[in-house]
Amino acid sequence: MVSQSPMISIPKKSSSDVDWIPSIRNLIAKSYGISPDDYTAECQVLQQCRRDAVKDANSNAIAHDRLSRYFGQLEFLGLRFPEIRIDSTWNDAFSNKQISQTSLAYEKVSTLFQIAATQSAIAASQNRTRPEGLKLAFYYFRACAGILTYIAESFPHAPSTDLSSDVISSLTGIVIAQATEIFLEKVIDEKTAHTLISKIASQTAHLYTTSAKEVKELAYKGIVDHKWDTILQIKSKYFASLAQYYRGIVDDKAGEHGNALVRFTLAESLANEANQDATSFNALYACSVSSLPFDVGSAILGRTRTHLFLCTERRSEATYENDLIYIAALPPHDTLPAIEKVIVATPVSIQEFYGTPDMRQVIGLDIFSRLIPLNMHKSTGAYMEEKAELIRREVELAESADTEMCSALDAIGVQVGLARFKVIADGGIDVKDIPRDMRRWREDIGIMEGRKGVDMLMRELGNLKASVKNTLGSVLHDLESRDHKATQVGHNHLCAQDRSALSDGSIRTELNSQAAALDAAALSDDQVIALWDSVKGIIGLLLSDNLVDVFRSNLQKTPQMDGLLYLDLSSDPSDERKRRKIKQCIGEIEERLKKLKGIRSERSDVLKDLRNKVAQSGDALPLPLPSGPSFIASTELEKFKFYQQRRHEFDCHQQVVLQEITLLWKNLQDMETPGLYAKRWVEREKRVKEVVRTFARARDGYMQVQDGLDKGIRFYQQLVTFSETLRQRAISISNSK
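Under the UniProt record's numbering, think of the first position of the sequence shown as 1, with each following residue one higher.
Check the hints yourself; a few may be wrong.
With a straight-line Cα cutoff of 20 Å, these simulated EDC-like cross-link-like pairs (lysine to aspartate or glutamate) come out [stated by the list, open to error]:
1) 253 - 317
2) 595 - 605
3) 191 - 132
4) 469 - 526
5) 186 - 132
6) 55 - 83
7) 108 - 75
8) 613 - 638
9) 97 - 225
10) 711 - 323
11) 711 - 449
12) 597 - 609
13) 608 - 402
14) 55 - 38
15) 422 - 591
16) 536 - 449
17) 594 - 404
18) 608 - 396
19) 613 - 396
20) 641 - 399
21) 452 - 533
22) 711 - 700
23) 597 - 410
24) 711 - 460
25) 387 - 609
26) 581 - 670
27) 422 - 638
28) 639 - 609
29) 578 - 588
30) 135 - 190
31) 55 - 65
32) 97 - 166
33) 608 - 638
34) 30 - 19
35) 711 - 519
36) 536 - 690
37) 597 - 651
38) 469 - 724
39) 594 - 410
40) 581 - 591
Because the hints were derived from the structure by calculation, they are not lab data.
I would like the entire structure built from these sequences, with the hints used as guidance.
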C-alpha cells in the first residue's frame, strides 16, 4: 500500500514566561480607583491561562484548545484594558531569534500564529484513509489559511520574520495547496468524473508551482529549509502530470486519440521528472525537520513511482492503438487546449472559525467579567455598529440612485435614440463606420492570410498530392516492369531466388488501398475548392482597402432603399429650420447627460469622504460619559450628518435633471416627421444586418476552407511518408529479383 502524500506543517514559535499580574493590578488601581487585591484570583487565572497556552501539550488538539482560550481572553482583555502595556517575548518560528515588545497586539498576533501552526500540525497528522481524518485535514488546513490571512490583513507591520508579509503569504499558499490536494484525493477515491479530477489536479499543480517559487526565495534567504522547496517542486510536477493523465483519458473517450496520446506522453515526462527528483530527495533526506513527517522521502517516492508506472503503461497502450487503429496526427503539446482550473479550497475566516458553539465553549467567559460593568463596552459596540449601519445605508442609497438613473434613461431610450437624431441633424444618413464584427473578421482573416493564406495552402496541398501520386505510380511501375515470371522463363537455370521474396501481393493491396484513399480525398478537396470559389470574392472585398466604399455600395443596392443613405433635407427651408431645432435640442440633452455623470461622480466622492471620516473617528466613545453612553453615541453620529445631507442633495438634483431630460426627449421626438425618419432608419438598419450576414457567411466559409485545407495537408503528409515506405519495400523486392 502506498503511503499517503506527506504534508508540510508550519513550525511553532516559543515563548518565555511573562508576569502580567503587576501591570493589571496597576491598571485596576489607577483607572478604576478600586483595590486590586479584590481581583487577585482573576490575575492568577489569566497568568495560568498563558502558561498553559505556551507550554508543550501532550497533543496538538489540547494545545489548540488552550491557545484558542488564551486568544479569546486576550480579546476580552483588550476590550476592558485598551491602554494595557505588557512585556511580550516570543522566539521566531524559523530563526529562533528572540523578539520582545511592550504591546498587546504583538502578544495577540504571536498567539494567532501559534494557533495556525497547531492547526497545520493537526491537519498534517490526520490519517486521510479514513473519511473523518480526511474531513478534519481539509478543514484545519483551510482554518489555518484563514488565520494567516487575518494576520496579513490586521497586522501589516511585522516585528519578526515569521510574521512578515512574504512569509505569511507563502505559508497561506502552501496550506491552501495542501487543502486542494486533500480534496483531490477525495474525488479520486470516490471515482468522480475524470474531467473534474483533471481540473482540480490542474489547480493543485498551479498552487504548488506558485508556492514553490515563493518558498525558493525564502530558502535562498535562509528563512525556510530547502527541503520545503524540493517537496513543493516535486508535487507541482506530480500534479501537473496527474492533470494531463486524467485529461488524456477524457480526450481518448471523446475520440481525440491524437490529443490523448500527446497528453499521456506529457504526463509520463512530468511523472518521470517528479520521480527522479523524489529519488534524489529520498537518498539525501535526513529526518531533521520537525515540520515534515519522518517518512516524507519514502512516501513521496512511492507515490511518484506508482504514478510513473501508470503513465508509462497508458502511454504505451495509447501508442499501440494509435499506430494500429486510429493513425491520428499528433499535435505539438503546446497547442493543446489548456486544462481549466477549479477552486475547491478557500480559507475559513477567523470569524467563522471562532463563531462556532464549540469554540465559544472552549474560550469560556471573560475572566474579569466582574471588574467593569459591560454597559460601557456595550455602548461602544453599539456605537461601532451604528457607524457600520450608517455606511451600509448610505452605500445602498447611492447604489439605488445610480440604478434609478440608468433605469430611467433606458426606459425612454434616450442614449440609443440620440444617435438616430444626430444623423438627421447632420443633414442625412451616411455610412461612417464599419460594424465592429466586420472589423474583427477583417483583422482575423488578414492575420491568417499573412501567416499562411488559402492560396499558399492550396499550392502546398497540390504539391503533396502530386508527390503521393508520383511515388505510388513509381512503385506500381517497378513491380510491373520486373515481373518474376518473365525472369524465370528467360533465365530459368540462373533464377535461384526464394519464392517468399516475391510476396509482393501485400504491396499491391496497400497500393489499391491508398489509391482508394486518394480518390476519396480528391472528392473532399473538390468540395473545399468549390467552397473557396463561392466565398473568395466576398473575402477579397472584406480585405480590400476600400472596404467602406464596398460596404456603402452594398447598402445602396436595393431599389427600396433609394434616398435612404443620403437624405437631402436642405432643399426645403422648413427642413433646415427643423434640423437646427433638432441639433439644439440634442445639445441640451447631452448637456444634462453630462450633469448626471457629474452628479454620479460627486456622490461617489461624498461616499468616499464619509468612509474616511468614519474610519478616522475611532471605535471608542469619549471619556468620561457624564450624559450617558447612548447620548454621547448619538451626539458623535451627528458629525456625519453633513455627508448624508450632501448625498441627499445630489439625489434631489438628479431627479430634476432626469425630469428635464424626459421633457426634452419628448420634444425632440415631436420634431420628427411622424414615421418617416423612423421608418427609413429601421430599413437602413435592416439592410446593414443583411450585408453583415452576407460577410458572416463568407467568413464562416473561409474558416471551413482553412480547416479543410489543414486537414487535407496533414492527410497527404501521412500519405507521403507511407508511400515512400512502400517505394523502399518495392525497390528491395525488385533488387532481390
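For each hint, the structure was consulted:
1. 253 - 317: holds, 14 Å
2. 595 - 605: holds, 15 Å
3. 191 - 132: holds, 18 Å
4. 469 - 526: holds, 17 Å
5. 186 - 132: With Cα atoms ~12 Å apart, residue 186 and residue 132 stay inside 20 Å; holds.
6. 55 - 83: This hinted pair is violated, its Cα atoms lying about 27 Å apart.
7. 108 - 75: It holds: about 8 Å lies between the C-alpha atoms, which stays within 20 Å.
8. 613 - 638: holds, 12 Å
9. 97 - 225: Holds, at roughly 16 Å.
10. 711 - 323: holds, 19 Å
11. 711 - 449: holds, 17 Å
12. 597 - 609: Holds. Residue 597 to residue 609 sits at ~19 Å (cutoff 20 Å).
13. 608 - 402: holds, 15 Å
14. 55 - 38: violated, 28 Å
15. 422 - 591: Measuring from Cα to Cα gives roughly 14 Å; hence the hint holds.
16. 536 - 449: Distance ~12 Å between residue 536 and residue 449 Cα, so the pair holds.
17. 594 - 404: The hint holds at about 16 Å.
18. 608 - 396: Holds, at about 14 Å.
19. 613 - 396: Roughly 18 Å separates the two Cα atoms, so the pair holds.
20. 641 - 399: At roughly 19 Å apart (the allowed maximum being 20 Å), residue 399 and residue 641 satisfy the hint.
21. 452 - 533: The hint holds at about 18 Å.
22. 711 - 700: holds, 17 Å
23. 597 - 410: The hint holds at about 15 Å.
24. 711 - 460: holds, 12 Å
25. 387 - 609: holds, 14 Å
26. 581 - 670: Roughly 11 Å between the alpha carbons, so the hint for residue 581 and residue 670 holds.
27. 422 - 638: violated, 49 Å
28. 639 - 609: Within the cut-off at roughly 13 Å; holds.
29. 578 - 588: holds, 16 Å
30. 135 - 190: This hinted pair holds, its Cα atoms lying about 14 Å apart.
31. 55 - 65: Within the cut-off at roughly 13 Å; holds.
32. 97 - 166: Status holds; Cα separation ~18 Å.
33. 608 - 638: holds, 18 Å
34. 30 - 19: Holds: residue 30 and residue 19 sit about 19 Å apart, inside 20 Å.
35. 711 - 519: holds, 16 Å
36. 536 - 690: holds, 19 Å
37. 597 - 651: holds, 13 Å
38. 469 - 724: Since the Cα atoms of residue 469 and residue 724 sit roughly 11 Å apart, the hinted pair holds (cutoff 20 Å).
39. 594 - 410: Satisfied, since the Cα-Cα distance of roughly 16 Å is no more than 20 Å.
40. 581 - 591: holds, 15 Å
When the structure is compared with the earlier hints, violations turn up for hints 6, 14 and 27 and for no others.
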